[in-house]
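Asks: Protein sequences appear in the order of chains Z and R.
Counting in the numbering used here, the first sequence runs from 1 upward without gaps.
Counting in the numbering used here, the second sequence runs from 281 upward without gaps.
Derived from the structure by calculation, the hints contain no laboratory data.
Fair warning: there could be bad hints in the mix.
A few chain Z residues facing chain R, derived, Cβ under 8 Å [unchecked claim]:
| no. | residue |
| --- | --- |
| 1 | G23 |
| 2 | K71 |
| 3 | N166 |
| 4 | G172 |
| 5 | M173 |
| 6 | A176 |
| 7 | V181 |
| 8 | I192 |
| 9 | T196 |
| 10 | L199 |
| 11 | L258 |
| 12 | V259 |
| 13 | I263 |
| 14 | L267 |
| 15 | L270 |
Here are a few chain R residues that face chain Z, going by a calculated C-beta distance under 10 Å [as the list claims (entries may be wrong)]:
| no. | residue |
| --- | --- |
| 16 | W303 |
| 17 | S311 |
| 18 | L314 |
| 19 | L327 |
| 20 | Q330 |
| 21 | A331 |
| 22 | L332 |
| 23 | L340 |
| 24 | Y347 |
By construction, the Cβ of each residue, glycine as well, lies at the ideal position given by its N, Cα and C atoms.
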Amino acid sequence: MSADVRILAAEPNCHLFGDNGCGFTPPTIGMFFPEPWFANIPGSTGIDLYMVLLLVAVGAVLLLWSWFSRKLSLVPGRRQSVGEMLVLFIRDQITRPTMGAKGDRFIPFMTGVFTLVLAMNVTGLIPGMLPVNSNLAFTAMFAVVIYVMTIVIGIRNQGGWGYFRNQIFPPGMPKAIYVLVTPIEILSVFLIRPVTHALRLFATMFAGSLLLAVFAYGGWYMLNLTAEPLLVGVSLLFSGAALFGYLAFFVFEIVIMLVQAFIFTLLASLYINQSLEAAH
Amino acid sequence: MSSEPARRTEEREPPAPRESDGWALFSTLLSGVLVWSAIGWAADKLLGFQALFLPIGAVLGMVGAIYLIVVKTRQV
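Make the full structure from the sequences, and use the hints.
Replies: Below is the structure:
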């Protein structure tokens, strides 16, 4: 979300119209590979910023749902009502439109996915932090879990061969068309779908936080209060425009984070439904 | 209060999902183009053409993907 603090640390007095001889160093993708704080952990790449933010996001989600679920009553109070509204949102906008009433048993899972993905996105709004989902490893793990779930649910509902046959040979087509369509279905269902599921969320969070970093560091670089008065005025104008861009994009990024969490959960529900149903 | 939305939702049960959902369509379209472009590329390599079957495969893949989407949409 913020500028690449390594650039700020390396070139603290680098500004537009400055006389240090330094130019603008844009934030790079290196900001998404933070140095681990504890590297010597066997079988692991170490504890870095992403791991800590993941723990913060998981802790926040657990605390939130514990708080919503405390002292549940038939006539809900305000706290319980807010929790129920969120669950009803998941049911009415995600599981019922995709799976119908038979998908109600997946509401707890989808609620968990939605709130955790959203919490992992929102960590990027904390000053100096990054969205956890701007690292492909985390979105890939979500997608892998959902992918394995769709296969297991499909096999349980349609039988081993039945599930794979219905996926690879969609019913309702002339047999000759299977030559054209079967390779497409194999690649789509078993490779492209989980890959795009993970990549979509990763790419939007990655691009969003990189853009915010460019606005933030650009605004900082263009601010020079020690030059000639005319140049100070120009730098204030440029820096103000960057600040405005940063604030506008910050608000936009909040919306994007909500939308991407919704889309990720909606697609998970859609994919699970295609395993529940024999034909689609 | 919390039961009222449940009743209204059950009364107007929405239809089952359709492959025509834009986000889910994307993987089918992409797969169609990719797989048949790869088959076309392999055919070019085997038969010694520079770029004959690759574009044919890409178009065939797109046609197949669109056909797949239309058939699945009609089934729901």
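Asks: For every hint, state whether the structure bears it out.
Replies: Structure-based check of all given hints:
At its closest, the beta carbon of Z:G23 sits 40 Å from a beta carbon of chain R; the interface hint therefore is violated under the 8 Å criterion. Residue-level restraint check for Z:K71 is violated (minimum Cβ-Cβ distance to chain R is 15 Å; threshold 8 Å). This hint is violated: Z:N166 has a C-beta 12 Å from the nearest C-beta of chain R, more than the 8 Å allowed. This hint holds: Z:G172 has a C-beta 5 Å from the nearest C-beta of chain R, less than the 8 Å allowed.
Below 8 Å, beta-carbon pairs count as interface contacts, and Z:M173 has one with chain R at about 6 Å; its hint therefore holds. Because the smallest distance between the Cβ of Z:A176 and any Cβ of chain R comes to about 12 Å, over 8 Å, the interface hint for this residue is violated. Checking Z:V181 against chain R: minimum C-beta separation of about 5 Å stays under 8 Å; hint holds. The beta carbon of Z:I192 is positioned within 8 Å of a beta carbon in chain R (closest approach about 4 Å), and the interface hint is therefore held.
The criterion of a C-beta within 8 Å of any C-beta in chain R is met by Z:T196, whose closest approach is roughly 5 Å, and the hint holds. For Z:L199, the shortest C-beta to C-beta distance to chain R is roughly 11 Å, which exceeds 8 Å, and the interface hint is violated. Taking 8 Å as the C-beta cut-off, the interface hint given for Z:L258 is violated, the closest approach to chain R being about 16 Å. Contact between Z:V259 and chain R, as hinted, is not supported at the beta carbon level, the nearest pair being about 11 Å apart and thus beyond 8 Å.
A hinted interface residue such as Z:I263 counts as satisfied when its beta carbon comes closer than 8 Å to some beta carbon of chain R; here the least separation is about 6 Å, so the hint holds. A cut of 8 Å between beta carbons decides the hint on Z:L267: the least distance to chain R is about 6 Å, and the hint holds. The beta carbon of Z:L270 comes within 5 Å of a beta carbon in chain R, closer than 8 Å, and the hint placing it at the interface holds. Interface hint status for R:W303: upheld, as the beta-carbon distance to the closest one in chain Z is roughly 6 Å, under 10 Å.
Because the smallest distance between the Cβ of R:S311 and any Cβ of chain Z comes to about 4 Å, under 10 Å, the interface hint for this residue holds. Look at R:L314: its Cβ gets to within about 6 Å of chain Z, closer than 10 Å, so that hint holds up. With 10 Å as the threshold, the beta carbon of R:L327 stays out of range of chain Z, its nearest partner Cβ sitting at about 19 Å, so the hint is violated. For R:Q330, the shortest C-beta to C-beta distance to chain Z is roughly 23 Å, which exceeds 10 Å, and the interface hint is violated.
This hint is violated: R:A331 has a C-beta 20 Å from the nearest C-beta of chain Z, more than the 10 Å allowed. A least Cβ separation of about 19 Å between R:L332 and chain Z goes past the 10 Å threshold, and the interface hint is therefore violated. Evaluation of the R:L340 hint against chain Z yields a held restraint, the C-beta minimum of about 7 Å falling below 10 Å. At a threshold of 10 Å, the smallest CB-CB gap from R:Y347 to chain Z is about 7 Å, leaving the interface hint in force.
Consistency note: the structure conflicts with the earlier hints numbered 1, 2, 3, 6, 10, 11, 12, 19, 20, 21, 22.
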